[in-house]
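Chains E and C are the protein sequences, given in the same order.
Adding 54 to a residue's 1-based position in the first sequence gives its number in our numbering.
Adding 3 to a residue's 1-based position in the second sequence gives its number in our numbering.
Note that these hints are calculated values from the structure, not bench results.
The reader is advised that the hints may include incorrect statements.
[To be verified] List of simulated lysine-lysine pairs, DSSO-like, C-alpha gap at most 30 Å:
| no. | chain 1 | residue 1 | chain 2 | residue 2 |
| --- | --- | --- | --- | --- |
| 1 | E | LYS222 | C | LYS6 |
| 2 | C | LYS70 | E | LYS212 |
| 3 | E | LYS261 | C | LYS334 |
| 4 | E | LYS261 | E | LYS222 |
| 5 | E | LYS261 | E | LYS212 |
| 6 | C | LYS334 | E | LYS212 |
| 7 | E | LYS212 | E | LYS222 |
| 8 | E | LYS85 | E | LYS155 |
| 9 | C | LYS334 | E | LYS155 |
| 10 | C | LYS6 | C | LYS70 |
| 11 | E | LYS212 | E | LYS155 |
| 12 | E | LYS294 | E | LYS155 |
| 13 | C | LYS6 | E | LYS261 |
| 14 | E | LYS294 | E | LYS212 |
| 15 | E | LYS85 | E | LYS294 |
[What the hints assert, rightly or not] Here are the computed distance ranges between Cβ atoms for each label pair:
| no. | chain 1 | residue 1 | chain 2 | residue 2 | range |
| --- | --- | --- | --- | --- | --- |
| 16 | C | SER98 | E | THR325 | 43 to 51 Å |
| 17 | C | PRO96 | E | TYR213 | 39 to 47 Å |
| 18 | E | SER254 | C | SER98 | 22 to 30 Å |
| 19 | E | SER254 | C | VAL104 | 30 to 38 Å |
| 20 | E | GLY114 | C | HIS33 | 29 to 37 Å |
[Claimed, not checked] Footprint (simulated), chain C over chain E, 3 or more residues, beta carbon under 8 Å:
| no. | segment |
| --- | --- |
| 21 | 90–103 |
| 22 | 185–196 |
In this text, a Cβ means the ideal position worked out from N, Cα and C, and glycines have one as well.
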Amino acid sequence: MAPEEEIAIEEARVDEAVERDSIAISVRGLKNSFGDQVVHQGLDLDVRKGEILGVVGGSGTGKSVLMRSIIGLQTPDEGEVHVFGESMIGRLDDEALAIRKRWGVLFQGGALFSTLTVAENVEVPIREYYPNIGAQLRDEIAAYKIRMTGLPAEAGPKYPAELSGGMKKRAGLARALALDPDLLFLDEPTAGLDPIGAASFDEQTRKLQQTLGLTVFLITHDLDTLFSICDRVAVLADGKVIAVGTIDELLATDHPWIQEYFNGPRGRAATAAVARESGKRADPPSDGRQ
Amino acid sequence: MNKVADLVEEPRDGGAIVRLSGHLSIACLHDLPARLDALAGPVAAIDLSEVSHMDTIGAWTVHRTAKRLNCDIVGGDEDSLRLIQTVGTLDEPVSVRPAYVSPWQRVVGQIGEATINAGATLLGLLGFFGSTLVASWNVIRHPSRFRLNAVVQRFEVVGVSALGIIGLMSFLIGIVIAQQGSVQLRQFGMEMLTINLVGRLTFRELGVLMTAIMVAGRSGSAFAAQLGTMKLTEEVDAMRTIGVSPMEALVLPRTLAVVVMMPLLGFYASIMAVIGGGFLCAVSLEIPPITFIQRLREVVPITDLWVGLIKAPVFGVIIALAGCFQGMQVKGNAEEVGMRTTSAVVQAIFLVIVIDAFFAVFFTWLGWN
Numbered sequence: 055m056a057p058e059e060e061i062a063i064e065e066a067r068v069d070e071a072v073e074r075d076s077i078a079i080s081v082r083g084l085k086n087s088f089g090d091q092v093v094h095q096g097l098d099l100d101v102r103k104g105e106i107l108g109v110v111g112g113s114g115t116g117k118s119v120l121m122r123s124i125i126g127l128q129t130p131d132e133g134e135v136h137v138f139g140e141s142m143i144g145r146l147d148d149e150a151l152a153i154r155k156r157w158g159v160l161f162q163g164g165a166l167f168s169t170l171t172v173a174e175n176v177e178v179p180i181r182e183y184y185p186n187i188g189a190q191l192r193d194e195i196a197a198y199k200i201r202m203t204g205l206p207a208e209a210g211p212k213y214p215a216e217l218s219g220g221m222k223k224r225a226g227l228a229r230a231l232a233l234d235p236d237l238l239f240l241d242e243p244t245a246g247l248d249p250i251g252a253a254s255f256d257e258q259t260r261k262l263q264q265t266l267g268l269t270v271f272l273i274t275h276d277l278d279t280l281f282s283i284c285d286r287v288a289v290l291a292d293g294k295v296i297a298v299g300t301i302d303e304l305l306a307t308d309h310p311w312i313q314e315y316f317n318g319p320r321g322r323a324a325t326a327a328v329a330r331e332s333g334k335r336a337d338p339p340s341d342g343r344q
Numbered sequence: 004m005n006k007v008a009d010l011v012e013e014p015r016d017g018g019a020i021v022r023l024s025g026h027l028s029i030a031c032l033h034d035l036p037a038r039l040d041a042l043a044g045p046v047a048a049i050d051l052s053e054v055s056h057m058d059t060i061g062a063w064t065v066h067r068t069a070k071r072l073n074c075d076i077v078g079g080d081e082d083s084l085r086l087i088q089t090v091g092t093l094d095e096p097v098s099v100r101p102a103y104v105s106p107w108q109r110v111v112g113q114i115g116e117a118t119i120n121a122g123a124t125l126l127g128l129l130g131f132f133g134s135t136l137v138a139s140w141n142v143i144r145h146p147s148r149f150r151l152n153a154v155v156q157r158f159e160v161v162g163v164s165a166l167g168i169i170g171l172m173s174f175l176i177g178i179v180i181a182q183q184g185s186v187q188l189r190q191f192g193m194e195m196l197t198i199n200l201v202g203r204l205t206f207r208e209l210g211v212l213m214t215a216i217m218v219a220g221r222s223g224s225a226f227a228a229q230l231g232t233m234k235l236t237e238e239v240d241a242m243r244t245i246g247v248s249p250m251e252a253l254v255l256p257r258t259l260a261v262v263v264m265m266p267l268l269g270f271y272a273s274i275m276a277v278i279g280g281g282f283l284c285a286v287s288l289e290i291p292p293i294t295f296i297q298r299l300r301e302v303v304p305i306t307d308l309w310v311g312l313i314k315a316p317v318f319g320v321i322i323a324l325a326g327c328f329q330g331m332q333v334k335g336n337a338e339e340v341g342m343r344t345t346s347a348v349v350q351a352i353f354l355v356i357v358i359d360a361f362f363a364v365f366f367t368w369l370g371w372n
């Protein structure tokens, strides 16, 4: 068989699989526990390609643990995790490498490497996975990634200790986006930011998601973020996902925690704010980059 | 999904057409950027009609080439053109590393910085000593504010818990001195002088000095780390707003504990070192313990004990102050706690040895030889 044909068949097979399976992340029957404390029990969740999924839940309901289970930092006691159709449980690091290259993670505090400048931080994944990219091009890639997340050009040669909290998050986002991932994990991206900074971070996330066709898994406590940029919201309670859907769908359920969460004083304020601005955002969610 | 990016150059009149094909994404670029860089031109246009997929890195590669060769981009689909346009708007030089400084300049700068730091630290330490004295005076005037519980608790942490390690260390040092001394003295047939060596050296110098080094490593570092963490979590600020003086509540009990414990630990260390020396004398030089003790009483003047015991509380003040001072200087991030802890131990040991040298001269001048 000629290599061209082989590639064509391979591509056709993959395309078919993609079409059949428009799910980016699939979690089934996940169980996580620390000692006696059971965090997740029988947790199911699907993240569709090209959507921004917000994950909410009270403190200690295991939002971060769920993210860590998906990205392989935490091995669950039971359950299945598939990312882009590949099982992530019990995989050796280099087997999962192909998948790892396709996601970027923004940790809560930014988790920038403190001995490297912002630009060098962004270059780390490129250097690690694609040593064939020349130094000059790598510097240029880091430069536009930094500008893409809304950081000023002066931030490039600065060390993380010289940055404010909001700038650290943006620098972390730039590093997460270094390899042009298909999937982006954000752990409380707007926590600790002032409302203006948080709003501009949300807008940036939305813009990037649309330009790059990203799938975003977003853990947040920020009701404004949920209302303004999330396509769907998953609610974690009692060790499971008790509901997934658009905010309107969630409001239609009668679970007391969900009602309290969205209809509490802060929830109402956020709803009102969105109602006021509803004219400004009419973009439908992007459906992947193809 | 892998389709390696490729390029074909079609010469034409008025500039070549460069046709790109395949996936222009980071995983499939391979040597394409280098080949694009090698294009000398003149190039009229870059044709993207055979590109099946593009990410921002591919878009950037196309953008920079088009910019360098000053040519058009044709044939791309809407998504590709949008990406190229997006990265094009972000085209602005960003420096990756801080500006280069020549080694000469850097070394001179570092020396200057270190000098200023050393001066500032010394001044700060003096100031801190002053504040501790003021706090002590306040507590003396209002004895009800004295925190007995805190002090007693520190006694245990600084003193009692250190007995094991200090005892073992001193015992071994006693053995080493006796062993090394006896080897040298044997050449003159004066093995009995080993007892003088062990007795005088440990009571006068080594007992207290080694104790000070151990306490600086155990407690001085702990003080810096504890206070540093409390500064970070704003516990110290909370204390101030409630009206509790951190100097009285945190620094004074720790200082007092070390000052009281140092002479006791120093004496204990000297005794353990002498026992170690005596043990070696009995085993290897066949000097019976009774003879050893008798001889010790003859050759070690009581002033040697005073020399050691007078130095001990002074060393204690230095260790506690260095630890607490560095801890209280922490601000910013957790990394600084580690840095300050290191400085606390280094400064404490350095200052202890400096003061020890002054003491040696002073006691000789007193005639306590």
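*Any of the earlier hints contradicted here, and which numbers?*
Of the numbered hints, 1, 3, 9, 14, 17, 20, 21 do not hold.
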